[in-house]
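Novice: Model the full structure from these sequences, guided by the hints.
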Amino acid sequence: MKEADVQQEPSYLGAPYGLASWLLTKDHKRIAILYLISITIFFAIGGSFAAMIRAELVTPQGDFLTADLYNKVFTLHGVVMIFFFLIPSIPATLGNFFMPIMIGAKDLAFPRINLLSWYIYVVGATLTLAAVIMGGVDTGWTFYTPYSSISSTTNVTTAALGVFITGFSSILTGFNFIVTVHRMRAPGMTWFRMPLFVWANYATSLVMILGTPVIAITVLLIAAERALHLGVFDPRIGGDPVLFQHLFWFYSHPAVYIMILPGMGVISELVANVSRKQIFGYSFVAFSSLAIAIIGFLVWGHHMFVTGQSIYAGLVFSIITMLVAVPSAVKTFNWTATMYKGAVVWDSPLFWVLGFMGLFLIGGLTGLFLGAMGLDIHLHDTYFVVAHFHYIMVGGGVMAFLGGLHFYWPKMTGRMYSEPLAKVASMLVFFGFNLTFFPQFIVGYMGMPRRYHSYPAEFQVFNVLSTAGATVLGAGYLMILLYLVYSIVKGPKAPMNPWGATGLEWKIQSPPITHNFHETPVVTEEAYDYLHAPAPTREVTHHE
Amino acid sequence: MSSGHHVPTIGMCVRVWLALLVLTGFTIFIASQDLGVLNTPVALLVAITKATLVIVFFMGVKWNTPLTKTVAVSGFVWLLILFFMGMNDYLTRGWLGVAGR
Amino acid sequence: MSNSTSPVSVAKPHPKLQSHFFSMDQQLEASTLGMWVFLVTEVMFFGGLFMAYIVYRHMYPHAWVEASAELNWKLGGLNTGVLICSSITMALAVRAAMIGNRTQQLINIALTSILGATFLVVKFFEYKAKFEHHLVPGPHFDPSLEQGMQIFFSLYFVMTGIHALHMVIGLGIMAYIFIQAWKGTYNAEYFAPVEVSGLYWHFVDIVWIFLFPLLYLLGAHGA
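Protein chains in written order, with this note's numbering: chain X, 4 to 547; chain G, 20 to 120; chain F, 73 to 295.
There could be a bad hint or two in this list.
DMTMM-like mimics (lysine to aspartate or glutamate), calculated; alpha carbons at most 20 Å apart, straight line [as the list claims (entries may be wrong)]: (1) F:Lys-84 <-> X:Glu-522; (2) G:Lys-88 <-> F:Asp-97; (3) F:Lys-255 <-> F:Glu-267; (4) G:Lys-88 <-> F:Glu-114; (5) X:Lys-510 <-> X:Glu-522; (6) X:Lys-29 <-> X:Glu-12; (7) F:Lys-202 <-> F:Glu-142; (8) F:Lys-202 <-> G:Asp-53; (9) X:Lys-510 <-> X:Glu-12; (10) G:Lys-81 <-> F:Glu-142; (11) G:Lys-88 <-> F:Glu-267; (12) X:Lys-510 <-> X:Glu-542; (13) F:Lys-202 <-> F:Asp-214; (14) F:Lys-195 <-> F:Glu-142; (15) F:Lys-84 <-> F:Asp-97; (16) X:Lys-344 <-> X:Asp-532; (17) G:Lys-81 <-> F:Glu-267; (18) F:Lys-88 <-> F:Glu-267; (19) X:Lys-493 <-> X:Glu-422; (20) X:Lys-493 <-> X:Glu-522; (21) F:Lys-146 <-> F:Glu-198.
Computed far set for chain F versus chain X, every beta-carbon distance over 12 Å [what the hints assert, rightly or not]: (22) Leu-147; (23) Gly-172; (24) Ile-186; (25) Gln-252.
Derived from the structure by calculation, the hints contain no laboratory data.
Since this is a predicted model, take the numbers as computed values, not measurements.
The C-beta atom is built at its ideal place from N, Cα and C for all residues, glycine as well.
Specialist: See the structure below:
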């Protein structure tokens, strides 16, 4: 490349133009944008199902949706949100975009497979949407046998195949990330100089490649049982439906860590930036990601305490479940210690960091209630469980995703959004979320079961509060969508490093060029070297 | 790691091939004998030996990086987690009663 | 470790070097590691089925032996031999690519494909016999058989069916690398596609090495 060309080289967004150049792109950044658009659509679809659920639950009578329709709506809310939004959310968008840049690579190791993973996602998503249009699915997102394999008359086979196919997009992303981290790091980018976001995505990828194949084969067995009579879980021929749950949760419990680990990675980046400090206990935070990924595979039976699983096995699973709290607490304490005596700046990323830490803490601690076998028998299948996992997945996962999206938006789009609006939106989401889900802890503890469209009148006040909160939450999300889209059109141009952050991604232009770097960077400094970080600037300097 | 990638010799390939055929014959023969509870462990031992031969020699793990060796082993180790924790349920059902039942 | 490759730009990069890699070495290492990681997912994919196998064998030990005796261990053993032979031809094909011998590549890839196809033909006749003997699960399954035998045959068909599907995919890969080898694409500097195809092929062989004794040989000592 000639020196004179350097300044004129267009960003990845504009080189080249045209729809075909996007749909056939091998650029990890463009694929990240394709994923971002797709998951936003699915977030909206899943959100509409949530709105229908909350509308139904305003009154104790089942008057808005019939029981059958309600079953379909909560199933589709779960399937869409988990498989088509949360699992790809951070890894396939922010991870895809920034992981190669953070380690100084020009792209992921297998760019074509990266594009293939998006197409597989689209095919799986289309199949699942087809199941919705053909009349929906009513098994719950867990597809429990024997209901799913024998009894249900809805489109289980189509939806299961959709989930099966989408699983491969997740596998391919994980596999690409692992090879990239091992083989594509720039000179000087040692393992312990990698940003914690990369560590978190690496740990997530391990879960993806080790867990996802198991659920793929499991839902395939359901499809085979329904379509080809190859019964494996059918009790009429001597099958054990609980085996399905073992195989299902072997993936689906670690899948929770697919949703939360990348979020923890984002928060590690953000917390160092808003504190303007080296992260406290870097290697502990890094290894705790791996520890969560590994221990996460040993605890799946805590979803099955009341299924007829052996009580002894339940005890073992219950005790190991408590161990997951250790690496999670290591992270939380280290983030807090990072902020302690840090020069905390009141930028919008701080709001998401604090929101995440508060909500994740509540979600994590209530998880200990549910992991204790005796208490779980009381709380199992109540709204307590619903509140708990929403605190983790939405309070943790979505807050971190939105925080990361706000933090990296200037780099991804080259535009700044309105800081005051972002702060208002983050508060709306935080308060709306708590108003939605905190009452569910109480009503669940009082005994309200999940998955029913009607309930005793004494629970109404909590459900009205919850629906009111969901309205605020929805308004918050809508607001974010509006000002972010507006910023693309009318937002001021973003400088190279608006937050004064460290890391290779902030040393290249916003938005980056197709090959990320003009020349391969040579890394000489530790991660989060905030002593030598530039000051934040929202202005574009003349030479950029 | 360098460009001097290991090229397997034909003699090595033939020896591994013969060993695999002999082991296949052995596993068929041993299955026709009644060893009581030992039939399955012996069959599995032979299968594991055969798989190891293929992985180490035909798939070239012997001459590969420590990372590849780790990856090659990790899948099987992870599978053991599924087997052990899963069978931990099936083998212990009925060990402990349920309170109130 | 992997940073041994330096970013020093080479005067003339190899035509098969993709632009995001520094060197052919890095590209080769990425492909091999990628295939190994992919094979880990394959192990877990088949692993779910083996888990089901263990659970039901534990539940129905007698039905398992009875059902296994219905399988033709001679055909299963023949197919095991066929796959082992295809593994050595595959290994020799990779070797031929590494030393850049086009003729040996073509011969060995062709032999591997023929052996793979033989396996599928034998498998087809085995499946056909199962249909004729009412051993296919579902409404036509012989109702006089012991509880648990139907599950054995469900697992038999899913496990061997998915294995056969992998063989079919493998034959597709063989066809591709045969055409590429015909064009003389592979040589001592660029042989990654042959090597990773070989890894895949050997893995499919390994799955069968486990399936054979676990499915076919349980009933052999009784019969």
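Novice: Run every hint past the structure and note whether it holds.
Specialist: Comparing the hints with the structure gives:
{"no.": "1", "hint": "F:Lys-84 <-> X:Glu-522", "result": "holds (17 Å)"}
{"no.": "2", "hint": "G:Lys-88 <-> F:Asp-97", "result": "holds (18 Å)"}
{"no.": "3", "hint": "F:Lys-255 <-> F:Glu-267", "result": "holds (17 Å)"}
{"no.": "4", "hint": "G:Lys-88 <-> F:Glu-114", "result": "holds (16 Å)"}
{"no.": "5", "hint": "X:Lys-510 <-> X:Glu-522", "result": "holds (12 Å)"}
{"no.": "6", "hint": "X:Lys-29 <-> X:Glu-12", "result": "holds (18 Å)"}
{"no.": "7", "hint": "F:Lys-202 <-> F:Glu-142", "result": "holds (9 Å)"}
{"no.": "8", "hint": "F:Lys-202 <-> G:Asp-53", "result": "violated (27 Å)"}
{"no.": "9", "hint": "X:Lys-510 <-> X:Glu-12", "result": "holds (16 Å)"}
{"no.": "10", "hint": "G:Lys-81 <-> F:Glu-142", "result": "violated (39 Å)"}
{"no.": "11", "hint": "G:Lys-88 <-> F:Glu-267", "result": "holds (16 Å)"}
{"no.": "12", "hint": "X:Lys-510 <-> X:Glu-542", "result": "holds (16 Å)"}
{"no.": "13", "hint": "F:Lys-202 <-> F:Asp-214", "result": "holds (11 Å)"}
{"no.": "14", "hint": "F:Lys-195 <-> F:Glu-142", "result": "holds (15 Å)"}
{"no.": "15", "hint": "F:Lys-84 <-> F:Asp-97", "result": "holds (15 Å)"}
{"no.": "16", "hint": "X:Lys-344 <-> X:Asp-532", "result": "holds (16 Å)"}
{"no.": "17", "hint": "G:Lys-81 <-> F:Glu-267", "result": "holds (15 Å)"}
{"no.": "18", "hint": "F:Lys-88 <-> F:Glu-267", "result": "holds (15 Å)"}
{"no.": "19", "hint": "X:Lys-493 <-> X:Glu-422", "result": "holds (14 Å)"}
{"no.": "20", "hint": "X:Lys-493 <-> X:Glu-522", "result": "violated (32 Å)"}
{"no.": "21", "hint": "F:Lys-146 <-> F:Glu-198", "result": "holds (11 Å)"}
{"no.": "22", "hint": "Leu-147", "result": "holds (21 Å)"}
{"no.": "23", "hint": "Gly-172", "result": "holds (25 Å)"}
{"no.": "24", "hint": "Ile-186", "result": "holds (30 Å)"}
{"no.": "25", "hint": "Gln-252", "result": "holds (16 Å)"}
Hint violations for this structure: numbers 8, 10, 20, all remaining hints satisfied.
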